[in-house]
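Colleague: Given next are the chains, with one letter for each unit.
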Amino acid sequence: MGQTMTEKILSRAAGREVHPGEIAEVAVDLVMTNDITAPISIREFKRTGLERVFDPTKVVFVPDHFVPAKDIKAAEQAKVMREFAREQGAVYWEVGRAGIEHVVLPENGLTLPGQVIIGADSHSCTYGAFNAFSTGMGSTDIAASMALGTTWVRVPPTIKFVYHGTLPEGVGGKDLILYTIGQIGVDGALYAAMEFTGETIDALEVDGRITMANMAIEAGAKSGIFGCDDKTRAWLANVTDRTYEPAESDPDARYERVVEFDVSTLKPLVALPHLPSNVHAADDVGDVRVDQVVIGSCTNGRLSDLREVAKVLAGRQVHANVRCIVIPGSQEVAKQAHKEGLADIFMESGAIWSTSTCGPCLGGYMGVLAKGERCLSTTNRNFRGRMGHREAEVILAGPQVAAATAVLGHVASPAALN
Amino acid sequence: MLIRGRVWKFGDDVDTDVIIPARYLLTSDAKELAEHVMEDLDPDFVGKVRPGDIIVAGKNFGCGSSREHAPIAIKGAGVSAVVAASYARIFFRNSINIGLPVVEAPEAALEAEDGDILEIDTDEGAVLNTRTGRSYSSARYDDYIQQIIDAGGLMEAVTRRVQARLAEERQA
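Note that the protein sequences, when read in sequence, are chains A and B. So that you can map any letter, position 352 of the first sequence is 485 in this note's numbering, and since no number is skipped, the others follow by simple counting. So that you can map any letter, position 170 of the second sequence is 171 in this note's numbering, and since no number is skipped, the others follow by simple counting.
It is worth saying that the hints were derived from the structure and are not from the lab. It should be emphasised that the depicted structure is a prediction, and the values quoted were computed from it without experimental measurement. Any given hint could be a false lead.
Keeping only pairs whose Cα atoms sit at most 30 Å apart, straight-line, the calculated DSSO-like set for lysine-lysine is [as the list claims (entries may be wrong)]:
#1 Lys49/B - Lys206/A
#2 Lys504/A - Lys203/A
#3 Lys10/B - Lys203/A
Input sequences plus hints: build the corresponding full structure.
Modeller: Right under this line is the structure:
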């Protein structure tokens, strides 16, 4: 019987053929934590009595959530991680050379087709964009993997998503994944692997695929995955010369179900409070005013996202009642955005241009919301209290809708600017 | 394991941001985290919950962030178990790993009300609601997961493996 790409990767990592539903111990290629989750992982790792992690080249620490440190406690947590990373000789980038984990790891060529990657961050499913099996876990699971170099997984059934049609102008990866979550719900792919396919996906650039894989968790999925094609190989050729072994789904692979979408008339979308599945066309929501717009994050903080935003903001002004915060996904993204003049466009328009951080996405800092405030954000979650006060609201959207909303002061797509 | 406790009932899709908001993720201390458990869903919960109480919820409990602080905060508040229709997978793993009993029993979860007393037998996979007298079966854990539970948590299981390996290496 045929296998899906996810089953093939896990079989390889388990050293035997594995099937959906069974629990398997698999070797991990990369284990990652950040400044919030690492302190628990480190504490738990030390309980094993081991002095060294299984392989320091495969253990990665990224300071990104509350750094540059927002207060003393954040500084202490970052320090615990920094000191352990140095002591272990593990992979670590300091503030000024880093950025958001899910932007930094691919940029450094660490996330490759066919790998098994786990991270103590739920958006670790991002690397499925590169044909890896990647998933988020908690700190203790990561501690166990730092010790053993393996983890256990229940082999997920795969749900195949087939997207048909050419995407209309101004509609991208964020709209595709919001549409999908809106259709299947926030537990529509619970425990499963989402395999993204179809001619729309073939035409989608890698950055759009990253945005989609990133939000697989928002449908309850264990992982989201794409095939490895010429676009993947070209993207990776820019960042690494390492070899890799992609996995392809067999023609007779068994899927839990196959979901087909015609997206040729898809519109720019938003997810209204308080679930990512509360999806509507941006131009159909009526007069929804916003106090803040956040552009960035592991979901939409890449250079291509910022280029889309700059195209909308160039020659325009952020609405007087809106605080627009633009955050590059990494130091590399920031540097390139400066070179291309994007940062100037943002600042001339009245947006602020921050250093790279996860900050506001999770209500950490750099744009926390007051009671009753509303924010449109290119991030990934609009749960109650996610970005600040429990009576604040978060609306999710792609970069173009975010930019248009910043200019108009109410939720809208760029079409509303003309 | 036998667990008996009073019910606090919540709905579907309770996410880890409301279980423990990110603004409190500046510590991994269970007691400190427990002071804010469920705060953004019910600001009074912390004042009401008593050791031994049981959280009951609908589908997809613990969705969202991978923060282990969520089950740590629940356990830190003295909650003896969570009973839900279904769980988000990272939350489920995290709970097993740190020894917070998580019981999957859709009907028991649906029919329980605030203040009910549930009696849970995790070995038998049974849940009894003492108000209604109804008993329900709960999903059994896989053997692999049961081993982690029996060891007292993931790191206890891992530490045993590591220590056994180290002892072998010393002998060799």
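Colleague: Hint by hint, note whether the structure agrees.
Modeller: Here is what the structure says about each hint:
no.	hint	in the structure
1	Lys49/B - Lys206/A	holds (28 Å)
2	Lys504/A - Lys203/A	holds (21 Å)
3	Lys10/B - Lys203/A	violated (35 Å)
Going down the numbered hints, you'll see the structure goes against just number 3.
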